[in-house]
Amino acid sequence: INAEYGIVDDSTFTRPVYAGNAIATVKSSDNVKVLTVRSTAFDKAAEEGGSAAVDAVDAGLVEASNLSAFDSVSLKESDRPDLTSAKVVVAGGRALKDAETFSAQMEPLATSLNAAIGASRAAVDAGFCPNDMQVGQTGKIVAPDLYIAVGISGAIQHVAGMKDSKVIVAINKDEEAPIYALSDYWLVGDLFKVLPELNEKIAAAKN
879 INAEYGIVDD STFTRPVYAG NAIATVKSSD NVKVLTVRST AFDKAAEEGG
929 SAAVDAVDAG LVEASNLSAF DSVSLKESDR PDLTSAKVVV AGGRALKDAE
979 TFSAQMEPLA TSLNAAIGAS RAAVDAGFCP NDMQVGQTGK IVAPDLYIAV
1029 GISGAIQHVA GMKDSKVIVA INKDEEAPIY ALSDYWLVGD LFKVLPELNE
1079 KIAAAKN
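Under our numbering, the first residue of the sequence shown carries the number 879, and numbering increases by one thereafter.
Treat the hints loosely; a few may be bogus.
Computed beta-carbon distance windows for the label pairs [what the hints assert, rightly or not]:
1) 903 to 951: 33 to 43 Å
2) 887 to 1054: 51 to 61 Å
3) 1045 to 949: 40 to 50 Å
4) 985 to 919: 42 to 52 Å
5) 909 to 931: 11 to 21 Å
6) 978 to 958: 17 to 27 Å
7) 909 to 1053: 53 to 63 Å
8) 911 to 1083: 42 to 52 Å
List of simulated lysine-lysine pairs, DSBU-like, C-alpha gap at most 35 Å [claimed, not checked]:
9) 905 to 1084
10) 1018 to 965
11) 1044 to 1079
12) 1044 to 954
13) 1041 to 911
14) 1041 to 1018
15) 1079 to 954
16) 1051 to 1041
17) 1084 to 1018
18) 975 to 1044
19) 965 to 954
20) 1051 to 975
21) 975 to 1071
22) 1071 to 1018
23) 1041 to 1084
24) 1084 to 1071
It should be emphasised that the hints constitute simulated quantities derived from the structure, not laboratory data.
Only a predicted model underlies this, so the values are computations on that prediction, with no experimental measurement involved.
Note that CB positions come from ideal geometry on N, CA and C, so glycine has one too.
Work the whole structure out from these sequences, hints included.
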């Protein structure tokens, strides 16, 4: 059962439909239920307390050590927080023109805020950044304390991946961009002028 958004009771669950534009409430009469959940939709569980019992069960599996073997693991190392768990995410869109400009504009802001960097699908498709930075329905789902959207218009598929963010800030020169309807704070302006000034302000505040 896809219970991405919430668990109402033992048999009732909520999940998004139509790219997050509506929430469906579903019921299951099965005695045993297997759920998938969206981790960003739930508050962090307490590390202590609780009354759930933990039972060790013998699965009765046949020894299969001769059927498979560990080969290797390849991890991409980064000094930045993980995109899906970061408290602050700064995301850039197609308005950043190209890969070099994307990096030059977004990295200083991310460094100032100790933030993860995300991107819209349009930016990824244009080759500005790798696939694993995409936020949206076909990318990663995030719900940070602060989400800053830079040059992102607010397409439905992108909004589906970040609309649960606690505070959303949008920077866009188009005052009619859909992202503004979702934002808590917005700034209508040229991002190439706004970002350098914003970085200066953040640096001054830290000092």
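Hints, one by one, checked against the model:
no.	hint	result
1	903 to 951: 33 to 43 Å	holds, 40 Å
2	887 to 1054: 51 to 61 Å	violated, 42 Å
3	1045 to 949: 40 to 50 Å	holds, 43 Å
4	985 to 919: 42 to 52 Å	violated, 29 Å
5	909 to 931: 11 to 21 Å	holds, 18 Å
6	978 to 958: 17 to 27 Å	holds, 19 Å
7	909 to 1053: 53 to 63 Å	holds, 54 Å
8	911 to 1083: 42 to 52 Å	holds, 49 Å
9	905 to 1084	violated, 50 Å
10	1018 to 965	holds, 15 Å
11	1044 to 1079	holds, 22 Å
12	1044 to 954	holds, 28 Å
13	1041 to 911	holds, 28 Å
14	1041 to 1018	holds, 12 Å
15	1079 to 954	holds, 32 Å
16	1051 to 1041	holds, 21 Å
17	1084 to 1018	holds, 30 Å
18	975 to 1044	holds, 28 Å
19	965 to 954	holds, 20 Å
20	1051 to 975	holds, 14 Å
21	975 to 1071	holds, 15 Å
22	1071 to 1018	holds, 29 Å
23	1041 to 1084	holds, 29 Å
24	1084 to 1071	holds, 21 Å
In this structure, the earlier hints numbered 2, 4 and 9 are contradicted, and the remaining ones agree with it.
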